[in-house]
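Q: Spelled out from the first residue to the last, the chains are:
Number of protein chains: 4
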Amino acid sequence: MLIVMSKGATAEEIEVVIKRIEAHGWQAKPIPGGERTAIGILRNHGPVDGAMFLGMPGVRDAIPVSKPYKLVSREMKRENTTISLGNGDVIIGGDKIVVAAGPCAVESEKQAISIAESVKKSGAAIFRAGAFKPRTSPYAFQGLGKKGLQILSKVREETGLFIVSEATDHEVCDVVEKYADIIQIGTRNMQNYRLLKRAGQAKKPVLLKRGMSATMDEFFMAAEYIMSEGNDQVIMCERGIRTFTKHSRNTLDINAIPFMLKTTHLPVMVDPSHAAGRRDQVTALARASVAAGCHGLLVEVHNAPDQAMSDGPQSLLPEEFDDLIKGLKAMNFQV
Amino acid sequence: MLIVMSKGATAEEIEVVIKRIEAHGWQAKPIPGGERTAIGILRNHGPVDGAMFLGMPGVRDAIPVSKPYKLVSREMKRENTTISLGNGDVIIGGDKIVVAAGPCAVESEKQAISIAESVKKSGAAIFRAGAFKPRTSPYAFQGLGKKGLQILSKVREETGLFIVSEATDHEVCDVVEKYADIIQIGTRNMQNYRLLKRAGQAKKPVLLKRGMSATMDEFFMAAEYIMSEGNDQVIMCERGIRTFTKHSRNTLDINAIPFMLKTTHLPVMVDPSHAAGRRDQVTALARASVAAGCHGLLVEVHNAPDQAMSDGPQSLLPEEFDDLIKGLKAMNFQV
Amino acid sequence: MLIVMSKGATAEEIEVVIKRIEAHGWQAKPIPGGERTAIGILRNHGPVDGAMFLGMPGVRDAIPVSKPYKLVSREMKRENTTISLGNGDVIIGGDKIVVAAGPCAVESEKQAISIAESVKKSGAAIFRAGAFKPRTSPYAFQGLGKKGLQILSKVREETGLFIVSEATDHEVCDVVEKYADIIQIGTRNMQNYRLLKRAGQAKKPVLLKRGMSATMDEFFMAAEYIMSEGNDQVIMCERGIRTFTKHSRNTLDINAIPFMLKTTHLPVMVDPSHAAGRRDQVTALARASVAAGCHGLLVEVHNAPDQAMSDGPQSLLPEEFDDLIKGLKAMNFQV
Amino acid sequence: MLIVMSKGATAEEIEVVIKRIEAHGWQAKPIPGGERTAIGILRNHGPVDGAMFLGMPGVRDAIPVSKPYKLVSREMKRENTTISLGNGDVIIGGDKIVVAAGPCAVESEKQAISIAESVKKSGAAIFRAGAFKPRTSPYAFQGLGKKGLQILSKVREETGLFIVSEATDHEVCDVVEKYADIIQIGTRNMQNYRLLKRAGQAKKPVLLKRGMSATMDEFFMAAEYIMSEGNDQVIMCERGIRTFTKHSRNTLDINAIPFMLKTTHLPVMVDPSHAAGRRDQVTALARASVAAGCHGLLVEVHNAPDQAMSDGPQSLLPEEFDDLIKGLKAMNFQV
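Chains as they are written, first to last, in this note's numbering: chain A, 1 to 335; chain B, 1 to 335; chain C, 1 to 335; chain D, 1 to 335.
One or more of the hints may lead you astray.
Claimed, not checked - Cut-off 20 Å, straight-line C-alpha distance, at most; resulting in silico cross-link-like pairs (EDC-like, lysine to aspartate or glutamate): (1) D:K70 <-> D:D280; (2) A:K7 <-> C:E79; (3) C:K77 <-> A:D61; (4) A:K70 <-> C:E218; (5) B:K204 <-> B:D217; (6) A:K246 <-> D:D49; (7) B:K121 <-> B:D89; (8) A:K326 <-> A:D306; (9) D:K77 <-> B:E35; (10) D:K246 <-> A:D323; (11) A:K77 <-> C:E35; (12) C:K262 <-> B:D174; (13) C:K29 <-> A:E35; (14) D:K67 <-> B:E35; (15) D:K67 <-> B:D89; (16) A:K262 <-> D:D280; (17) B:K246 <-> C:E218; (18) A:K246 <-> B:E218; (19) C:K246 <-> B:E218; (20) B:K70 <-> D:D323; (21) B:K246 <-> A:E109; (22) A:K110 <-> A:E319; (23) D:K7 <-> B:D217; (24) A:K262 <-> C:E13; (25) C:K246 <-> D:E35; (26) D:K262 <-> A:D323; (27) C:K7 <-> A:D217; (28) D:K262 <-> A:D280; (29) A:K262 <-> D:E218; (30) B:K262 <-> D:D322; (31) C:K262 <-> A:E218; (32) D:K246 <-> A:E319; (33) D:K246 <-> A:E171; (34) B:K197 <-> A:E171; (35) C:K246 <-> B:D217; (36) B:K77 <-> D:E218; (37) A:K146 <-> A:D95; (38) C:K246 <-> B:D49.
These are computed hints drawn from the structure, not numbers from a lab.
Turn these sequences into a full structure, and let the hints guide you.
A: Written as structure tokens, this is what we have:
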């Protein structure tokens, strides 16, 4: 933290700030400049909220310098973290693009297996489908629950695809951990700390979706929650942010991809389906994400999107998904 | 939902859209215009996702017409809902401005009672303080938990102030319901549906804070979740939204106040402390909110903000809070 | 500017950064911390773009410390700037709330004078109306031009109201300066530097509207452009920013009011009409702005908003405007 | 425009709305639904501002249906517009990716020719550099002006590259039109209508950059301004939008690429340099944009970015630019 004093700040005002810093047990380091003095705060353990200095006489600004996350940072660990499913059958964070595909929600065994077979043929390595669904409306379909997870187990048996499915709270996490290969934490739960801690105690990898208006610091701190409980198998998933625009449901934060690749050692996946919110943008966003360097994709695919019980409008048809994968290969990516 | 066709859309394309609408059991109502045709969707139960039509040939746009919420709407109930604490000692949603004040977190009995006595003298009717704290960092103070709630009970006994405190998940809700007079649902939990449902089954009023990037529709749907479980004692609380600006932690959505007063019958409170995120803007935001018509305020007050265990930088000092209330009275508001 | 090095940065990497700083003729001041080193940049004249260091080995972050504006800052001038119209008949930036009111566009002499008389009776001191209109659509009414300004002159003669009107480019500024008492620079032109410079050479006060997505730094820099040419009579006008919300055309940035009052000595006005974009929110926003401390308001009023040639939907009726002013007085503000 | 009535709206209230619509000379078409009535507005010439109905009794909402732009729409012209430079030497909007590269500002003939030769060798077809610079700070380098354009002419002679350069106002447009092959309109001028009209009268193609917070409708309307004056050679350029994020200067709106390709016939280019604002994200954004389907790129390249007189920090080095182009070819794109 750097406290920047006003030009006209008096020696007394500077002294009061220094005293206050020291009263917290921190070290104050004054840095006289040409026009004004700044005061660095050192030896703080844990974050300092600079706003606490903003009201003091002579203080102009308080500027955070260090970052609140540690374990997720590439400063802590230089090499990429990779996440291995099976005995290395699928590696997330390596050279190959890993694609998870499937319907928004499990609706029936027949539906699930049929879609799974189709996406596997196209090149998906993981089947994605929700058994527990967080829904904006209390009147909407809430998922099949545990029965849905049992269907997903069957999909794995029959197709060999690995399974990712969402845990909507800490209790649901118990059952998802049992049936799925990857535990998904959804956008709306990115700051559900009880769930994050529970996921941190799980023995399975966690796919963490970014909150709709989360900064990178907040997203990394959510991953830090999981890692601080001992689980270092975390996948960061960009899924679009909320902006002023109206031509798509969200805006894919494509800048976040190079930023994350630089700042964290954790693997990065992208969900182009939610980032678009409409079918006619999904393929372009998927291509863009892979070209920007992400390690994998999470794509909604449904064989009858018009009859899908949720999120049909952003689901690709199996043939569109097949074209998407072919397109990635045509750009010389390994899938 | 209104499906707008392109200018050049053929009769066949229009027919296909109509067929698809009817296949869902809905009624399609074509509306020929001067230049293009639009098709209304009627008799749908529950929301229709217009994006499902966006990829179809000849379709230009899909425009939602009806709103997904019902119980919270002023169309359902024209008169204001008022929420009575005690036997009408405090009425939220009436003519008087109801002010809840107190520290971000309960830290000790001595601290709580001292602040409570002070804010009561200034004019607060409710004491606000967190016992369970959702914290961005896993390394930060997480609250005193149940012990904190017991301290809050004591505050009520000694001062006569009513108590509002946050339930951070559905299990915590049990104990908060027992000790507090109003159950608070925090910003990060606005779409924690399990918690919303649990709150809907509570016998106490619920103060629902708006999510950081929630639209009014989403905010109303969260309240609808609570009401649909049978609890119609919901207070809507605006607390600032996330925008591109940098001069404050959040931007108070002051436009939302007249909009909510018009659109819902539920009472509207404002939290100027979180909307500012820095002490030197809180009073101005509080004054603005009351002038714009809100029914009450939620203000952070701490007697030693520099030593506060959380959110100190946005807490007012007791004398600043006193000035705030005097300022409201000087504008002829009843507090 | 503060360059923050990574934890593992080597002495060589630090040295290279220092060399680069010195190569620009600036002074580098290393600040060793507990875990990492930061390097302050001193003696720079004009802004330094920290991004130039972001790609260098061992550099983690580049944090701006000083602000790019000078003349507009309260650090340069502690006392409020006041702007006097007539011989002190109207003072903007003093204790009284100064209200400018009138139609979006001048449509005819009859209309202008009729509205002017009405708003004067209610308490307006300034008549606002556009003669040159920047319109989103090339097919929309573009204003009466110079003829409109002549009508405004007549309004001044007949009513004694002062006149504010928009200059849409540097050439138009010549004629606006001749006829109006205050030259308005619109939202879309906040970064039209040629116009800003021209306004800086004018002998009349300038009302500068904030750009739709301008930060405070950018807004202040636009004012700095005007002041750097010699005109220190600048009024800062907040008019709503673009956010993700949908219940209003813009979001009034109410936090900006206390921020500006603290950071600049220039007077602050608010345009609640554009900040709302719909009539049913204007009054609430006007009340909120005054309660938050602004020095004046810019309100659209039209006697027949349905027939207005532009922006009718956000115009108040004369009787609504009268109620607005009465409401401000009822809150004990002097208008 | 669709006026949606409240559930409880009376027959009289509906009648009043119909009357008001008809008073404007438009046609009102009531559409009775299951629960409520909506009223369509037909035969309006030019846009209708629905907010004008929002305050009327019984009115719940006003929803725009038709789009305000015509000439830019794919509804008007189904085939892609292509823009040919030379005698078809370079075609923008065709199968090949067209790359414009060069420094932010022309600084000297030597610098310009040296960078131009380098980017040409890598595969650029157009040289981009500013002679007139819009600068946020009045104290910053404002460009070489006409002399800069003369240097650009020389670059064309010596290298065969075509030239794009910015016109900062309508007068500057005269001289830019004379010297450059493409007239650029910058982000801050997207709604400088006088400049748009002037560009519409030019005999050269116009590269129109999107405003920092412009919706697609506003961006298309700006292009409509140009086309409505007779110039149909317009290139739409996405350059990043302003969002809440902090890890990049802007957020590239990658969703806008598929949306524009679908909605307008005009060619689409992307400026990854401004969308990133920092060198370490430019290449990823460039790759993403091409993969998403854009027709060309505008990339800042400088041989000594640390000494660049403007925007150095986001400029690629010539060897980084060369890698970028090689990377596009490795993805099988023709450059």
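Q: So which hints don't hold here, by number, going up?
A: Numbers 1, 4, 5, 8, 10, 12, 15, 20, 21, 25, 29, 30, 31, 32, 33, 36, 37, in rising order.
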